[in-house]
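Given the coordinates of chain W, assemble chain H onto it according to the supplied hints.
Chains as they are written, first to last, in my numbering: chain W, 4 to 245; chain H, 48 to 450.
Treat the hints as calculated values from the structure; they're not laboratory data. No residue lacks a Cβ here, since even glycine has one placed at the ideal position from N, Cα and C. Check before you lean on any hint, since a few could be wrong.
Computed beta-carbon distance windows for the label pairs [to be verified]: (1) W:190 to H:129: 46 to 52 Å; (2) W:198 to H:303: 42 to 48 Å; (3) H:120 to W:163: 29 to 35 Å; (4) H:364 to W:243: 53 to 59 Å; (5) W:163 to H:362: 28 to 34 Å; (6) W:243 to H:115: 36 to 42 Å; (7) W:163 to H:269: 32 to 38 Å; (8) W:208 to H:244: 39 to 45 Å; (9) H:241 to W:31: 53 to 59 Å; (10) W:163 to H:268: 51 to 57 Å; (11) W:179 to H:362: 50 to 56 Å; (12) H:120 to W:208: 40 to 46 Å; (13) W:198 to H:418: 27 to 33 Å.
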Amino acid sequence: MWQQVNSALSQSAHRVLFKLASFLPGLVALLVAVLLLALVGAAVAAILRRILTSAKFDERVARNSTDALSDWSPSGSPTLLVARIAFWGCIALGVIIGISAFDASSNGSQISTFLLPYLTHSVGAIVLLIIGNLVARFLERSVLIGAVNARLQYARFLSLGIKWLVLVLTAAMVLDHLEIGGAIVELAFGILFGGIVLTLALAVGLGSRDIVSRSLEKNVERTDPIPGDPESPTPSEPLRHF
Amino acid sequence: MASTPTQTDAATQPTAAKTGSLLISLPPLANGALDAMLSNLATAFPTQTVLVATPATTPNGEAHDKPDNIHLVPYTPAATSTTSWVLTAADYLNNFKAAQEGHATACLLLGAECQSLSPEAIRALAAEVTGSSTDLAMAYYNLGPREGLVNSAILYPVTRALFCVRPRYPLAIDLGLSPRMAERLAIVAQKYISTNQNDALLWPAAEAASANYAIAEVDIGARTLPQPGATDLNTLLAQVTGSLFSEVDTKASFWQRARGTQPPHPFTISTIPAEGRDIAHMLDAFHLAYSNLHEIWALVLPPNSLLGLKRLSVTPADSFHMPDNLWARIVYDFALAYRLRTINRGHLLGALTPLYLAWVASHLVLTGSGTPPEKHIQDLASAFETDKPYLVSRWRWPDRFNP
Chain W
4 MWQQVNSALS
14 QSAHRVLFKL
24 ASFLPGLVAL
34 LVAVLLLALV
44 GAAVAAILRR
54 ILTSAKFDER
64 VARNSTDALS
74 DWSPSGSPTL
84 LVARIAFWGC
94 IALGVIIGIS
104 AFDASSNGSQ
114 ISTFLLPYLT
124 HSVGAIVLLI
134 IGNLVARFLE
144 RSVLIGAVNA
154 RLQYARFLSL
164 GIKWLVLVLT
174 AAMVLDHLEI
184 GGAIVELAFG
194 ILFGGIVLTL
204 ALAVGLGSRD
214 IVSRSLEKNV
224 ERTDPIPGDP
234 ESPTPSEPLR
244 HF
Chain H
48 MASTPTQTDA
58 ATQPTAAKTG
68 SLLISLPPLA
78 NGALDAMLSN
88 LATAFPTQTV
98 LVATPATTPN
108 GEAHDKPDNI
118 HLVPYTPAAT
128 STTSWVLTAA
138 DYLNNFKAAQ
148 EGHATACLLL
158 GAECQSLSPE
168 AIRALAAEVT
178 GSSTDLAMAY
188 YNLGPREGLV
198 NSAILYPVTR
208 ALFCVRPRYP
218 LAIDLGLSPR
228 MAERLAIVAQ
238 KYISTNQNDA
248 LLWPAAEAAS
258 ANYAIAEVDI
268 GARTLPQPGA
278 TDLNTLLAQV
288 TGSLFSEVDT
298 KASFWQRARG
308 TQPPHPFTIS
318 TIPAEGRDIA
328 HMLDAFHLAY
338 SNLHEIWALV
348 LPPNSLLGLK
358 RLSVTPADSF
368 HMPDNLWARI
378 VYDFALAYRL
388 RTINRGHLLG
398 ALTPLYLAWV
408 ASHLVLTGSG
418 TPPEKHIQDL
428 ASAFETDKPY
438 LVSRWRWPDR
448 FNP
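Just chain W, with the same shape it has in the complex:
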């Protein structure tokens, strides 16, 4: 009995050590691949930055294109954007090569078959998340400034509503892309999105009630002035901004 237990334990320990021994080189290969490609990426980014700076890429983009590229660039520099894309592209390539190397070094492992598609999905999800955040921030500011200039008292509330609508939509898209949550995410998204829209509609509708009534009153006053009324405003020379 004791011998059988001892044998089973030693066999399992042997198997663990064997697995570890076959796993470690793969892990080292993965790390080396990522590290090497990171170094290559850094070098490529530095070279690109130097070339684009000497070619005055930022100025050319600013002169020849619309605002879009510069607005989405870090520190407003398209050169930096290109350099960073090159760097992170190399890192992603390193991860893919590393996983393939890991798969090859561990006999019979099918990790890459499962991991690589998920990795590409993850990259897609990260890109979605970044774009969603940028769009949310952009729309938040656009709505805030537009609403303030339109003199809407609930400008802040409106801009926050838009921001969270986009963020919720982004989160749902990311989870859907990663195939996490399944129907629960769709249901939760529907409830949240519908809730935010309903809240905004109610808030704007109720908040605008006074504005609409004031506007209607003004129209009535304008069309039906009371002659000789001291309370009625005296016509003044209009402002001309241009």
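Same frame as chain W, but now just chain H:
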């Protein structure tokens, strides 16, 4: 007709504009307006041969009753513009092409509603570019104290301080151009048109200053100025200030070296009554913006300017006053942020609107309390000149700590 030292009083020199052929570019005019304009031209130039370039869409010139020395030259526009209240890139290019075809030695480029210009005014503009070495003659309009406020608040002070030129209306729509000035403007216009920006605004005063061309200003008296269509203030302000900031960015190497202050314009003492109702809605807009846009302003403005705005936000309406140097620094910081793309340019220019309305409110309060409007505008322009080193410093070293 009042004259500045560089102006020519046309009434005393009716035949000054007689050398070479003069081309006058007209905007599209209705039948009656074209007749009135031709009549004005006949009065302005009784003996001189004048070429009048009109777009081919204008009714046929032969049908009009005009003297022999006025020759209508219908042309097919090389570029078309949908904006009529201000001169655009398309107008400058069309003018140059017409001048080239007509071998003109000088040209007048007149804006919409030009039939309201007096013959003396037209003659004065022409005399300035034909009878002297002036390359650019710009119209000086006699506007009321509540008109042309964007020009008074931003365009004039910035142009005067940065480019060291005097024209009171940098976006004037009636210009006299020498051939080389017309060509220079057409080259700039062509750049915009090649990127399909036919409606882009050009800044003739800045172009002339950077080319070291002679500029003169001609008082043209009363004139009906066209107003923009139904587009709202935010869009128009963004369009005009965006174009100006872009010009400032393009000509940075010139204006950083340009030195000197301009003598103030002579002005007549007149005051306007305080208009509480007008000021109230502008102050409401400013207060609403202060509570909502503060974090966006904080990305653009230094702490000192934010402190000034904070003080302003608690100032009662009857004593509401935005100091001239505060407004100058706000405009300069927005110009810098436009260059650095600190935030999206559309957002940046949108965030300027409430601050501009605060300046207008302050201007109205000040002028309502007895200060002549023109004096305030000249003081403001001087403040812009005084603070120019601030902009130069921030332009060169934007990351340096700025209290």
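How the hints compare with the structure:
no.: 1; hint: W:190 to H:129: 46 to 52 Å; result: holds, 49 Å
no.: 2; hint: W:198 to H:303: 42 to 48 Å; result: violated, 54 Å
no.: 3; hint: H:120 to W:163: 29 to 35 Å; result: violated, 59 Å
no.: 4; hint: H:364 to W:243: 53 to 59 Å; result: violated, 22 Å
no.: 5; hint: W:163 to H:362: 28 to 34 Å; result: holds, 29 Å
no.: 6; hint: W:243 to H:115: 36 to 42 Å; result: holds, 40 Å
no.: 7; hint: W:163 to H:269: 32 to 38 Å; result: violated, 51 Å
no.: 8; hint: W:208 to H:244: 39 to 45 Å; result: holds, 40 Å
no.: 9; hint: H:241 to W:31: 53 to 59 Å; result: holds, 57 Å
no.: 10; hint: W:163 to H:268: 51 to 57 Å; result: holds, 53 Å
no.: 11; hint: W:179 to H:362: 50 to 56 Å; result: holds, 52 Å
no.: 12; hint: H:120 to W:208: 40 to 46 Å; result: violated, 59 Å
no.: 13; hint: W:198 to H:418: 27 to 33 Å; result: violated, 55 Å
Hint compliance for this structure: hints 2, 3, 4, 7, 12, 13 are not met, and every other hint is.
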